[in-house]
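Protein chains: 2
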Amino acid sequence: MSLADLYEVLHRRRDTRGEFTGAEIQDDVLRRILAAAHAAPSVGLSQPWDFVLVKNQDTRRAFRDHVQAERSVFAAGLEGERAELFSRIKVEGVMESSLGVVVTYDPDRGSPAVLGRHAIADAGLYSVCLAIQNLWLAATAEGLGVGWVSFYREDVLRRLLDIPARLRPVAWLCVGPVRSLPETPDLERHGWRNRLPLDDVLHHDRYRARPSR
Amino acid sequence: MSLADLYEVLHRRRDTRGEFTGAEIQDDVLRRILAAAHAAPSVGLSQPWDFVLVKNQDTRRAFRDHVQAERSVFAAGLEGERAELFSRIKVEGVMESSLGVVVTYDPDRGSPAVLGRHAIADAGLYSVCLAIQNLWLAATAEGLGVGWVSFYREDVLRRLLDIPARLRPVAWLCVGPVRSLPETPDLERHGWRNRLPLDDVLHHDRYRARPSR
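These protein sequence lines are chains B and W, in that order. The first sequence: position 134 = 134 (the UniProt record's numbering), numbered continuously. The second sequence: position 171 = 171 (the UniProt record's numbering), numbered continuously.
It should be emphasised that the hints constitute simulated quantities derived from the structure, not laboratory data. Ideal Cβ placement from N, Cα and C applies to all residues, glycine included. Incorrect hints may appear among the rest.
Here are the computed lysine to aspartate or glutamate pairs in the EDC-like style, where the Cα-Cα straight-line distance is at most 20 Å [unchecked claim]: (1) B:55 <-> B:28; (2) B:55 <-> W:199; (3) B:90 <-> B:79; (4) B:90 <-> B:19; (5) W:90 <-> W:79; (6) W:55 <-> B:205; (7) B:90 <-> B:188; (8) W:55 <-> B:199; (9) W:55 <-> W:27; (10) W:90 <-> W:65; (11) W:55 <-> W:19; (12) B:55 <-> W:205.
Restraint-style ranges between C-beta atoms, simulated for each label pair [what the hints assert, rightly or not]: (13) W:209 <-> B:24: 25 to 33 Å; (14) W:108 <-> B:198: 14 to 22 Å; (15) B:56 <-> W:69: 45 to 53 Å; (16) B:26 <-> W:194: 25 to 33 Å; (17) W:57 <-> B:155: 42 to 50 Å; (18) W:57 <-> B:78: 45 to 53 Å; (19) W:4 <-> B:155: 37 to 45 Å; (20) W:61 <-> B:8: 38 to 46 Å; (21) W:153 <-> B:108: 18 to 26 Å.
Start from the sequences and build out the full structure, keeping to the hints where you can.
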């Protein structure tokens, strides 16, 4: 049944690092997941995203090295048990995945007057994220894994892919076939953080402060 | 078949303004779409979102009035044909929809060291948008419409719902049963802007500049 299937995909989706097989993504599958991303809602119908499909091994290796350096930057700020926990957590599958999909935000798309963006400049950036989640869910339904890597400096990624300064890289997504998707998120399995109950984030008519977790 | 159903929902989804019936959303349906949002991926498993469910009519009316004022601000910057086109476009269904769902971003969730956010401060904001798209797709599959209103000032919405200054409102979503979902996006139907072909936003290994549209 359609409804149950959708929820199954929504809840099965994982942020994938260690489960990529490296096998090729079929062209028709790749086309469908990119079309899914491109079908996302966007402020003023601006569709302000671009997708750079990165297969080149040298480019990916250079990015992976940068990510590892940024991993060390983050690690250096941790102490004791947190540092120990983090040392066991894999943060990227750049080389193991089949493809890098870099998603960017182009604020000039649909300019000058983007309907719905005059009061909230970031609304265009928000649209790009909606496209990313569409891609993620379609990939999950197709049996692929997706891992969002965010241990990088935007300028480094711009230089690596010739992305103009006015564009903003929003994500490097590692995409590809996986052995399996873990039932529990990696960070929860490693004891880094547990998921919150839904009721902790629900409010009625007005925001009510609660202890932040 | 599951895969076809998912793509059907991804492509059928619309940004809804004029089709709300105002009928009640069933409690179990609302719970499922909020649980779908809450199942989104998030940087460092921070789940930095909150959902304020706004039923109160006075609150919604005050917000609607503010949105109308911001609509006029945007309209004042348009000229000629664009102004004429815009005058026919409905930008919100705040009172006609069944429920307002205000989604906020809490940067303190999971602090101090949010895994994956040290290099990209906005990564938490991105996570909130992924939750919004999950909600949108689940609502679409449940036969509801969703309309993202972005004609507002964040401070006005904060004051209206007692949202603390450190939190950022990301969206007011109009949610509820609809008569139907239009096949063509409103803005395209009114001649404001047409959707781009997918190939216009695809790049291989490096970003290649193209005429911005």
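Hint check results:
1. B:55 <-> B:28: 17 Å, holds
2. B:55 <-> W:199: 17 Å, holds
3. B:90 <-> B:79: 18 Å, holds
4. B:90 <-> B:19: 11 Å, holds
5. W:90 <-> W:79: Measuring from Cα to Cα gives roughly 18 Å; hence the hint holds.
6. W:55 <-> B:205: 6 Å, holds
7. B:90 <-> B:188: 13 Å, holds
8. W:55 <-> B:199: Answer holds: residue 55 (chain W) to residue 199 (chain B) is near 17 Å, not above 20 Å.
9. W:55 <-> W:27: Holds: residue 55 (chain W) and residue 27 (chain W) sit about 13 Å apart, inside 20 Å.
10. W:90 <-> W:65: Roughly 14 Å separates the two Cα atoms, so the pair holds.
11. W:55 <-> W:19: 18 Å, holds
12. B:55 <-> W:205: 6 Å, holds
13. W:209 <-> B:24: 25 to 33 Å: 29 Å, holds
14. W:108 <-> B:198: 14 to 22 Å: 19 Å, holds
15. B:56 <-> W:69: 45 to 53 Å: Distance hint for residue 56 (chain B), residue 69 (chain W) holds at roughly 50 Å.
16. B:26 <-> W:194: 25 to 33 Å: 30 Å, holds
17. W:57 <-> B:155: 42 to 50 Å: 48 Å, holds
18. W:57 <-> B:78: 45 to 53 Å: 49 Å, holds
19. W:4 <-> B:155: 37 to 45 Å: 42 Å, holds
20. W:61 <-> B:8: 38 to 46 Å: With Cβ atoms ~39 Å apart, the hint holds.
21. W:153 <-> B:108: 18 to 26 Å: For residue 153 (chain W) and residue 108 (chain B) the Cβ distance comes to about 24 Å; the hint holds.
The structure fails none of the hints (numbered hints given earlier).
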